[in-house]
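Protein chains in written order, with this note's numbering: chain A, 1 to 368; chain U, 1 to 164; chain V, 1 to 126.
Honestly, the hints are just simulated from the structure, not real lab data. One should not assume that every hint holds.
Claimed, not checked - According to the in silico footprint, chain A covers these stretches of chain U (three or more CB under 8 Å from chain A):
no., segment
1, 4 to 11
2, 92 to 103
As the list claims (entries may be wrong) - Here are the simulated SDA-like cross-link-like pairs (lysine to any residue), alpha carbons at most 25 Å apart as the crow flies:
no., chain 1, residue 1, chain 2, residue 2
3, A, Lys-95, U, Ile-28
4, V, Lys-77, U, Asn-27
5, A, Lys-9, A, Leu-292
We put the beta carbon where it would ideally sit given N, CA and C, even for glycine.
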Amino acid sequence: MTSLPEFLKELFESWPLLGILPVWFYSIVAIFGLLFLFLFPFAGVAVYVERKIAGDIQARIGPNVVGPYGILQWIADALKLLLKEDIIPTNADKKLFILSPMLIFISGACAYAVIPFADNVILANLNIGIFYLLAITSMVTLGLILGGWASNNKWSLLGGLRAAAQVVSYEIPVALSILTVVLVTGTLDMAQIVKMQGPFYWNIFHNPFLFISACIYYIAALAEANRTPFDIPEADSELVSGYNTEYSGMRFAIFFLIEYAECFIICAVATTLFLGGWHLPFFDLSSLTLGLRIPLQIMVFMTKSILLLLTMMWIRWTLPRYRVDQLMKLCWEVFVPFSFACLIGTAFWMVLFKGKGIPELILGLFVS
Amino acid sequence: MTSYDSLFYVFAAVTIIPAIVTVFHPNILYAALSLFGSFFGVAGIYVLLGADFIAATQVLIYVGGILVLILFAVMLSKNIYGMTFQDEKKKKILPTLFGILLLGFLIKLITTVHWNTTLSEEGPLPTTAALGNLLLTEYLLPFELASVLLLAALIGAIILARSK
Amino acid sequence: MVPLILLVGRYLRPANPDPKKLSTYECGELPKGNSWVQFNLRFYVIAILFLIFDVEIAFMFPVAVTFRQWVTSSQAKGVLIFSEIILFIAILLIGFVYAWTKGDFEWIKGLQKKQIDPRFRGDDLK
């Protein structure tokens with residue numbers, strides 16, 4: 001199993017000029033490509049789609065002025081944010097004010113390095129793939145605390161600390177759900193996890209505990225991204241105590257962008273771990289040629305992830321907000337015990353059935 | 001000097017310089033924050049030694065947990081900016097002596113133990129499965145004792161918090 | 001050099017094209033008092049709880065990676081590893097249950113809410 005830069009190098013091996021370039025060159029090209037060709041446009045379009053869906057759910061039209069059906073709205077918004085004056089409040093801690101969005105951006109962007117878009121199309125095929133993701137997303141807490149502090153605003157600080165406490169609490173159910181998948185899969189490597197899910201041995205159907213685990217992962221990761229029913233720290237109607245009150249222009253754009261990037265990461269990870277990644281059910285895609293296989297796999301992966309993302313947006317505009325103490329209580333009194341129960345249940349199932357899941361057992365009934 | 005060595009010196013600098021800042025900076029928040037650089041430097045050194053799992057654990061627990069804890073403590077304490085940590089002159093003799101003793105001990109330790117400072121020839125190997133196997137077979141007792149230790153820490157922290 | 005790609009990573013900060021006008025000076029909110037916050041213990045307790053469980057999860061990861069291999073090899077080894085994991089988790093669950101029954105999860109944010117937001121005072125119907 002190779003990673004994308006090595007794969008690109010193999011692809012261009014026979015070309016006259018590009019064949020002699022070392023792997024790290026392709027690495028850099030792939031990084032920039034992923035960042036500028038995928039991450040930024042995707043986040044922008046996601047904003048537009050969200051606003052359209054919000055309009056739909058709220059029985060109104062949404063943006064439709066800039067471009068046909070308002071499609072260019074996100075470009076207009078991006079340009080506006082870029083050109084806005086960069087205001088740093090006088091009493092704010094300048095270094096930390098600048099550091100905080102940088103930290104959040106780095107951790108959000110670095111997480112994209114281990115998403116398996118297709119077979120061999122993964123930017124860095126780390127042996128500790130999913131654990132690296134967990135470690136990198138734990139850096140977001142730091143960015144939130146610093147962002148709240150740096151504004152030198154009592155309410156921003158409290159908002160930042162509350163957001164940090166929320167993110168930190170919900171990391172436990174997320175990590176436990178991931179642990180449950182690792183129990184079943186036996187490896188931390190993202191590409192390997194997808195490969196093991198065969199044509200239709202998706203992890204979500206492996207045993208009922210994993211199904212519950214998938215739901216817990218999705219909901220807890222939503223809470224960790226400070227989104228949807230759990231977005232008290234950045235709620236539009238309560239923004240006085242929000243941690244990004246004092247941020248404007250490009251810095252605010254970064255917070256905003258990374259929220260959508262993080263949502264996509266959550267969906268992509270949920271697809272990889274539970275929904276079989278780039279596998280199309282009942283078809284064995286590895287028999288097709290390269291040119292046909294990779295785009296098809298990428299399309300399958302993106303379809304699954306985008307369906308989850310749309311569900312996220314749907315949830316956001318449908319459900320009311322949780323109060324902060326209800327939120328924390330939900331985490332520690334509901335999600336954590338259930339996650340532990342799923343963990344133990346999955347371990348028990350694996351020992352009982354020697355690692356086979358429900359699809360394999362059913363198949364085994366028919367074959368033998 | 002190979003690129004491996006120069007990478008190591010970069011990470012060593014990233015570890016040591018923030019540590020010096022932590023010790024000597026007058027502003028306690030910056031002192032606490034420069035630990036962030038230190039932790040990342042150590043994680044980088046772990047990666048250079050091929051210990052990929054330990055490097056990620058370092059980031060997860062130190063940056064995501066301990067640094068957050070320290071920052072909560074610093075930010076929620078009133079008047080902590082007013083405090084300086086300069087002791088009077090006469091209180092410096094005993095700690096200096098102790099510091100020199102500790103330094104001597106560390107130097108002796110570093111020079112006499114045979115540390116493994118390079119990767120093996122085949123390059124870095126995945127360590128997670130090996131760690132798991134060891135934790136379950138040879139080091140099972142420390143593994144279970146670690147959970148007892150964590151239990152003690154948890155109950156201790158809760159009791160201390162409640163007594164306030 | 002697969003783990004090294006972790007560091008080559010994505011340390012890219014986007015170019016910041018700021019057509020900076022002179023920054024205005026009266027742009028922050030003017031706080032009513034000085035900027036300290038009443039010390040609220042709940043944050044600290046949550047952080048410690050998180051840390052303990054995080055360390056536990058970090059311990060569990062290597063064990064989980066070898067779990068499948070042990071379980072598929074033989075039934076006896078499967079039962080053995082299962083009991084080891086259960087012991088580890090059970091000891092920590094004792095602490096979790098202790099924290100729960102002593103009410104450390106209950107008013108975790110409730111107390112703080114009462115101190116800061118007077119609007120929510122009528123909501124504690126528990």
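Each hint, compared with the structure:
1. 4 to 11: With 0 residues in contact (Cβ-Cβ under 8 Å with chain A), the coverage given for the segment 4 to 11 of chain U is violated.
2. 92 to 103: The restraint on the segment 92 to 103 of chain U is violated, since only 0 of its residues have a Cβ under 8 Å from chain A and three are required.
3. A:Lys-95 with U:Ile-28: holds, 15 Å
4. V:Lys-77 with U:Asn-27: Not satisfied, since the Cα-Cα distance of roughly 55 Å exceeds 25 Å.
5. A:Lys-9 with A:Leu-292: With a Cα-Cα distance of about 19 Å, the restraint between A:Lys-9 and A:Leu-292 holds, given a limit of 25 Å.
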